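I would like the entire structure built from these sequences, with the hints used as guidance.
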Amino acid sequence: MTPSDTPLPRRQFIATGAAATLGGLLAQAGLLDTAQAQPSTAQQPAASGLAWHNWSGLQQARPSSLPTPGSEAELQALMRSTRGELRAYGSGHSFTALVPTSGAIVSLDRLSGLISVDKQAMTATMHAGTRLGMLARALDAQGLALRNLPDVDVQTIAGAISTGTHGTGATLPALHADVVGLRIVTPSGNVLTLHEDKDRDLMAAARVSLGSLGLISQVTMRVLPTYNLHRKVWLRPIDELLKQAPMLADQHRHFELYYLPFTGYGAAISHDVYTGTDLLLPKPGDDEVMADLRLLRDWLGHFPQLRLWAARKFIDGSQTEEARHRAHRLLTSVRPMKFNESEWHVPRAQGVACLRQIIAAIERHNEAFFPIEFRFIKGDDAWLSPFHGQDRCSIAVHAAAGEAHDYLIKDCAPIYRAHQGRPHWGKLHQMGAAELQTMYPRWQDFLAVRQQFDPQGRMLNAHLRQLLFKA
Amino acid sequence: MTRIKHFWQIVAGVVMACLSACQDAPPREPTDQEVLRAEALRPASPDLAAKYERACLACHGVRSAAPLTGFAPAWAPRLAKGADVLLTHARDGFNGMPAKGLCSDCTDDDLRGLTQFMSQSP
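Chains as they are written, first to last, in the working numbering: chain A, 1 to 471; chain B, 1001 to 1122.
Quick caveat, the hints were computed from the structure, so don't treat them as lab data.
This structure is a prediction, so every number in the text was calculated from the model and none was measured.
There's no promise every hint is true.
Simulated restraints, written as ranges between beta carbons of each label pair [what the hints assert, rightly or not]:
| id | chain 1 | residue 1 | chain 2 | residue 2 | range |
| --- | --- | --- | --- | --- | --- |
| 1 | A | GLN60 | B | ALA1050 | 26 to 34 Å |
| 2 | B | ASP1032 | A | GLU363 | 32 to 40 Å |
| 3 | A | ARG465 | B | PRO1073 | 46 to 54 Å |
| 4 | A | PHE303 | B | PRO1046 | 52 to 60 Å |
The beta carbon of each residue, even a glycine, is placed where N, CA and C say it ideally should be.
Structure, rendered in structure tokens:
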């Protein structure tokens, strides 16, 4: 809310909340604790007039209106009183053009908060614009928690589920799989109440809908009793980690790894349920590693062998780091350095092989420095879920906002596709209906439901029309 | 071979020297207790408290690169820039902070009030 108005000299973004601990390890190792960060060059919004841009600044729009409805009734009134395209946004954390429209861009900010909990059914109902971090804190106050969280918690629950947002954990599905009920304001202004017990097909369509069915007003989720996690982080040569990764994913509730480009090293991060009382928050300064990796890139980027040598010389593979606290305090982090990202999800059996090829592709670009993320997600049955019908591994590549990122898409997409990958709906990709319909067996079923909800196509912008219809 | 190795050692030494030179003195980091205290702080005004809780708290109430609520060492260099600069950064976004700080319905007065709340010691 308030300004981070001093250039952040000691803190920079880490690829995920859990990976935020990498900074501590590298800092202890000696070389990587003295970086001078560079402020983001992301584009600033217009000083006046109606303008919208996403978090990274890549997607921009000049909408006809920017309403901020504060109730379901106001959502209905909005639907009934406006004409033309209408798109909702939560936090603007999608890098694809899911939101931009010349029509209305609807903020969910005022539709926020926990509405009720049912400790018999172990469910919680919340307004659609509730941010994940706020939701986690509100649930915690009730002795409850979500089963898993993604690595960023400013997303709204509606935005997160609608784009197939996920955390990591071989036995843990993406957030939308824990949705048991939805209230949706349809483009006609009516409220539709869905529950998985009685609306199986509609729920399969609505769990991940890209905001194409209407405006979600409320979400009911399965919840667990609150729990603590124990985080462990360790650095190893990437070949060693890649051999162990499938086993580690089976051993830990949450497992993920990050390859640090041009270092030969990866960081493994595990989280398991912890019942001890000696709690410890993640260490301060943990998120400095990105600035350090960027500095190595800036100074030695033209000399990949020297960059590799310098990194290997100063990374101490024997270092580990730990934290023990509430799940939501460990699984997520704030990202102070803006970036653009592409992420695909490949069948788990092909995950490691695909990652090896992605690493090779990224390391053909000396400008790369962001860690490459590798995570595990359990399959589910939502029709447009990237994890539909199959456990998958996600592989994500990033570039700092303001830096070239085309190569993330062009060089990596053929590799992902060769491994039967599906793109993350909110991360950069160039797939259209022709490709996507071959990836999703219930594609036509989803289109039929969408047509039923929104025959006039008011919830579709140019990007959605390309995704859903254009060859 | 020896010459190459020697060259790399020199380069590494230069890198280390420059890294050291670039190091600035960071402000004191908040303790776990200060972070957990910040998570519990709220503005006195119910309206501002609601906006704070659904927006600002996400970054300023946890350990992150954003200045921590109620933690004076992090706010001192920001406050030195003046209230107008802080308002501009809050409204337009700055570094990792999104424009209006995730509060699309916040007015300039809200942003001023929230900044004042977060930057004051409890």
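message: Of all the hints numbered above, which does this structure not satisfy? Sort the numbers upward.
response: Per hint list: zero violations.
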